[in-house]
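There are 2 protein chains.
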Amino acid sequence: MSSPAGAAAVTIREVGPRDGLQVEAPTPPGARIRLVQALVDAGVREVEAAAFVSPRAVPAMAGGAEVMAGLPRREGVRYWALVPNLRGAEMGLEAGAGGLSVTVSASPAYSRRNVGMEVEESVAQAAAICGLAGGRVPVDVVVSCAFGSPYEGDLEPGAVAALGRRLTEGGATSLTYADTTGMATPRRVADLLAEVGTDVGLHLHETRGTGLVNAYAAWQAGVRRFDTSVGGLGGSPFAAGAGGNLATESFVHLLDDLGVETGIDLDALLEAAAVVRSIVGHDLPSPLVAAGPRDRLAAGTSGEGGGGALV
Amino acid sequence: MSSPAGAAAVTIREVGPRDGLQVEAPTPPGARIRLVQALVDAGVREVEAAAFVSPRAVPAMAGGAEVMAGLPRREGVRYWALVPNLRGAEMGLEAGAGGLSVTVSASPAYSRRNVGMEVEESVAQAAAICGLAGGRVPVDVVVSCAFGSPYEGDLEPGAVAALGRRLTEGGATSLTYADTTGMATPRRVADLLAEVGTDVGLHLHETRGTGLVNAYAAWQAGVRRFDTSVGGLGGSPFAAGAGGNLATESFVHLLDDLGVETGIDLDALLEAAAVVRSIVGHDLPSPLVAAGPRDRLAAGTSGEGGGGALV
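Chains as they are written, first to last, in my numbering: chain A, 1 to 311; chain B, 312 to 622.
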């Protein structure tokens, strides 16, 4: 709960160009490349930049190879591609992805609905993708609905952990546990970490406004890898009107104030948020984009009398 | 960070009927009474129900005496009135308020702008109000800008604590520290609590999306009194487009899942949120109102294929 200056660094994988934009109207590859450029300029070193999925199912992710080809090559920067199957993995590797993300759902019902597969088939496919990658690039398997499913409700953390072990045995380089529909709370985070340990990534959503508090609780427990999305875009369409992914700038803002190094410059990150704002053409869910960082002072003598009622 | 079942209870003071509605278009007393009724029905036991401020400065709070007169009298339920000065305190006591809230700002510039007084005058006035109450009802002094000011930036926690001690010496029954413009973070919460202890109330805002994480950090540290607002309404108008007060339902949802008793029923509270929604006539900032509690499962077979891209 304290604020250890110089605490162990946190690695943020920025998923806005993929997870954030996939639920928006399609964006041309050039604009997606400019967004990644702005993110890398802000110091982001891990970016999920494209998905090699069916352009019929996810029109916003069309042109993944073009995006990958146009990304700025920088020392120490890795571009991930989300791939749903072997064909997507081949395309991602061919396009030069530095890492592959593969999703396996902990929820049987969600698995059937999202990818039309049983969990078992999905596990086998993840192993096949790991085999294809053959150690040339890391494969991060993202366990969706790891904190519960809108169909089955709570899932046993022990069962989720057992799934994770099988994915590691299948060749996964790393695992990321995703709160796909925003069912995590600090208590559920603690419960899952007790089973899977803290050498995992977390992918958290603000569906119920708990993304930041869950990230904080996980950081306290020792987790050091997080997926976040610039501007807070994305998330599951299963709860219309609710928030998206945990916003990168919200988490960086909190970590900065705790003295935790992320390598990301908050002001430059907010410029990247302005880029994504101009791409999507609507306000972003992230309150920090509206309010600015905590150290941004009021200009001049603005502010009106509140009649003693402002608390 | 763990989840102690049966942990010490948390007391929530609901400020929606006052802080939530004061920035909205004026609401007739009858509707405000119905809202309080719904909150009390949900198990809320402390409600800031009215403000005795100038109706010219804060038109939405006109009719405070009428509101107080129409509130349901229930065993164990206390209705607070916000009062900015001695005249307001007299009116509040006459109207039957069970407690008086008085604001004193830790920020000199904010004090001048919000109440047109120097901090010193404000401290003296709070003491005078405590004298008037004479122990008949509690006086809670709310220290605004306790986590920083948009004019001066960060304030020294030691200086804020010294102000708190003077208010207690002046007769305050209790103190509540307010994050008026959303500058608190878990680190700043820890820093202030280290100076003021944990026998305090906190009044947190979602201006930068940090209200819930700050409440969680404070709860971890041992704070057991919080001001929250149903639906997340209210907050300072100093950061347009940003969030309002910490939403009551968001905090109850989190505490419920930690096994922490609040005495409030979440489903009934969401009905009170529906009442406030109908009063204000626009969507509420609280994501939990849109998404529903974490244990609300998806209906039937809804949900569409995501082409393997939903994480």
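Mixed in with the good hints there might be a few duds.
[What the hints assert, rightly or not] So the derived label-pair ranges between C-beta atoms look like this:
1) B/G427 x A/G30: 37 to 43 angstroms
2) A/G281 x B/A435: 25 to 31 angstroms
3) A/A268 x B/P337: 50 to 56 angstroms
4) B/A336 x A/G70: 46 to 52 angstroms
5) B/E377 x A/A9: 53 to 59 angstroms
6) B/S589 x A/A268: 39 to 45 angstroms
7) B/A473 x A/T173: 50 to 56 angstroms
8) B/A435 x A/R296: 28 to 34 angstroms
To be clear, the hints were calculated from the coordinates, so they are not data collected in a lab. Everything numeric in this text was worked out from a predicted model, so none of it was measured. For every residue, glycine included, the Cβ atom is placed at its ideal position computed from N, Cα and C.
(message) Hint compliance check: list the failing hint numbers for this structure, sorted ascending.
(response) Checked against the structure, the hints that fail are numbers 1, 2, 3, while the rest are satisfied.
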